[in-house]
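**Q** Listed below, chain by chain, are the residues.
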Amino acid sequence: MAERDTPEPSAIAPDEVQRFCEFLYRRTGMSFSESKRYFIDRRLNERIAATGSKSFQAYFSLLRADAEHEIEHLINSFTVNETYFYREDAQLRCLTSGMLDAIVSRKAPGEPIRIWSVPCSTGEEPYSIALWLMENWPQVDNFNIEIVGSDIDTKALKAAVEGIYGDRALMRLSPDIIARYFTRLDDGRYQIDEGLRESIEFSRINLIDTADMARQRDFDVVFCRNVLIYFDDASRRAAAENLYDCLRPGGYICLGHSESMSRISPLFRVCRFPDAIVYQKPEADHG
Amino acid sequence: MPLIKAGGKAADKPAKGDNSAGHLAGLTSAAADTRWSTARALAGRADAVPALAGALASEDSPRVREAIMTALMRVGNEASVKVMLPYLAADDAGLRAAAVEALQGIPEAVAPFMQALFADTDSDVRILATELARNMPEAEATRLLCALIENEQHPNVCAAAIDVLTEVGTKEAIPVLERCATRFAATPFVPFAVSVAIARISGTEA
Chain A
2 MAERDTPEPS AIAPDEVQRF CEFLYRRTGM SFSESKRYFI DRRLNERIAA TGSKSFQAYF
62 SLLRADAEHE IEHLINSFTV NETYFYREDA QLRCLTSGML DAIVSRKAPG EPIRIWSVPC
122 STGEEPYSIA LWLMENWPQV DNFNIEIVGS DIDTKALKAA VEGIYGDRAL MRLSPDIIAR
182 YFTRLDDGRY QIDEGLRESI EFSRINLIDT ADMARQRDFD VVFCRNVLIY FDDASRRAAA
242 ENLYDCLRPG GYICLGHSES MSRISPLFRV CRFPDAIVYQ KPEADHG
Chain B
1348 MPLIKAGGKA ADKPAKGDNS AGHLAGLTSA AADTRWSTAR ALAGRADAVP ALAGALASED
1408 SPRVREAIMT ALMRVGNEAS VKVMLPYLAA DDAGLRAAAV EALQGIPEAV APFMQALFAD
1468 TDSDVRILAT ELARNMPEAE ATRLLCALIE NEQHPNVCAA AIDVLTEVGT KEAIPVLERC
1528 ATRFAATPFV PFAVSVAIAR ISGTEA
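The listed protein sequences correspond, in order, to chains A and B. Here our numbering = 1-based position in the first sequence + 1. Here our numbering = 1-based position in the second sequence + 1347.
Pulled out of the complex, with its shape left as it was, chain A reads as follows:
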């Protein structure tokens, strides 16, 4: 059954869809095949209606000009904006099955492992990293691990510090994990364990502000997922260079599944682990 108030898809010519898909891929890295035609048509028609555009061509012109931040609205309509625990867990598996082994092999005794979640929104990602490590990494007790969560949105950070979540945010966690790490509140929501809340540092950050980013250094792994697709070319490059400086040599950066650092900057090398593709700052930069 069709959703109420959602316009039925109107005819957008196949070549117009192709034109749109090529633009979307070049601009964001998001790739859609013909099998997603209904999904594309539906989202496109929603945006055409929302912007009051009279045709695909009129909408496409508006989109290319990024009038009224239409790129951001479009990306939002094509992506899952909801954040929840253990989202895109392939990279979490990669963390404990590949990245950390390489990282600890370079560590001096007593040197901490530093992991950064940016943007961290309301905290689901940094807490997920903490939970995942405690549940899945056998060496977790052998190292000091520092997890930092940063975001530009101070309201989101305040919520992250409180660590209170509804059912949907916890949908991918097992009842056992929920029972061991969360306290059910009177209103039916769940608050994450106080020890976990107090072990994670939250801070405000603007990814493209070089001075801001200079406050964050020496990370071994950075989770920077689904944010660079929103930036224009200049901002993406600035963010990539800032992230490069935030990483230790040999450190890894994890992007969203539709993002590719290779399309943004040549500074990092591609690392293919069995569970995920991530990007690495060269251990020894000869240039």
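Hint data in this document are derived by calculation from the structure and do not stem from the laboratory. Computed from a prediction, not measured in an experiment: that's the story for all the values here. For every residue, glycine included, the Cβ atom is placed at its ideal position computed from N, Cα and C. Some hints could be false.
Reference listing, derived: stretches of chain A covered by chain B, where coverage requires no fewer than 3 residues with Cβ under 8 Å from a Cβ of chain B [unchecked claim]:
(1) 16 to 27
(2) 35 to 44
(3) 58 to 71
(4) 92 to 104
(5) 135 to 142
(6) 235 to 241
Starting from the structure of chain A, add chain B where the hints point.
**A** For chain B alone, kept in the frame of chain A given last:
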């Protein structure tokens, strides 16, 4: 608990860069890390364009070159464009690609130079220049690329321009594309590319 709260890692914000000779000297340091950090500190600084230009000319580290290009890109004025344009003809493919990517990101600043680029005697420069139109407003990109196609003798340059028009072209490009297909009828990939472009622009099946 193995998790410890991060502390003591936050450094003071670095002071705003200055344009003193001492600061700019970092661009000629023997240490690539110093050149890299100096270039990054100069990002967006219009007064640093001459120093960045000099540094780019002698820089052999791809990483530092990338930072210099980004710094110039973030200035985004006529002077910074003039510094980067000659690299479209560089022998080093990486440098050419870096220049294209940086210039693509500042279409307004590049626009006044497009006519001269399309008149360059080097067809490879004209080919790369077509990519600079990709981020321009459709009407302007269409006008520039159509003017190029109308007089262009090299099929590869026309094909590059057609490829960009396939994404950004408006209906005004269709007659120009049709004439191009006729002119290069003996070079089959050109009429084929034109048929795809016209289909995308007009929204009809190829």
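**Q** Just to make sure I understand the rule, a stretch counts as covered if three or more of its residues have a C-beta closer than 8 Å to a C-beta of the chain. Does the stretch 35 to 44 of chain A meet that for chain B?
**A** Three-residue rule not met by the stretch 35 to 44 of chain A, so violated; n is 0.
**Q** Does the stretch 16 to 27 of chain A contain three or more residues whose Cβ lies closer than 8 Å to a Cβ of chain B?
**A** Holds, because 7 residues of the stretch 16 to 27 of chain A bring their Cβ atoms closer than 8 Å to Cβ atoms of chain B.
**Q** Just to make sure I understand the rule, a stretch counts as covered if three or more of its residues have a C-beta closer than 8 Å to a C-beta of the chain. Does the stretch 135 to 142 of chain A meet that for chain B?
**A** holds (count 3)
**Q** Check, residue by residue, whether the stretch 58 to 71 of chain A contains three or more positions whose beta-carbon lies closer than 8 Å to a beta-carbon of chain B, and give the verdict.
**A** Holds: 4 residues of the stretch 58 to 71 of chain A have a Cβ under 8 Å from chain B.
**Q** So is the stretch 92 to 104 of chain A in contact with chain B by the C-beta rule, three or more residues under 8 Å, or is the coverage claim wrong?
**A** Answer violated; 0 residues pass the 8 Å Cβ test.
**Q** For the stretch 235 to 241 of chain A, count the residues whose Cβ lies under 8 Å from any Cβ of chain B; is that count three or more?
**A** holds (count 3)
Figure legend: structure checked against the earlier numbered hints; hints not met, in rising order: 2 and 4.
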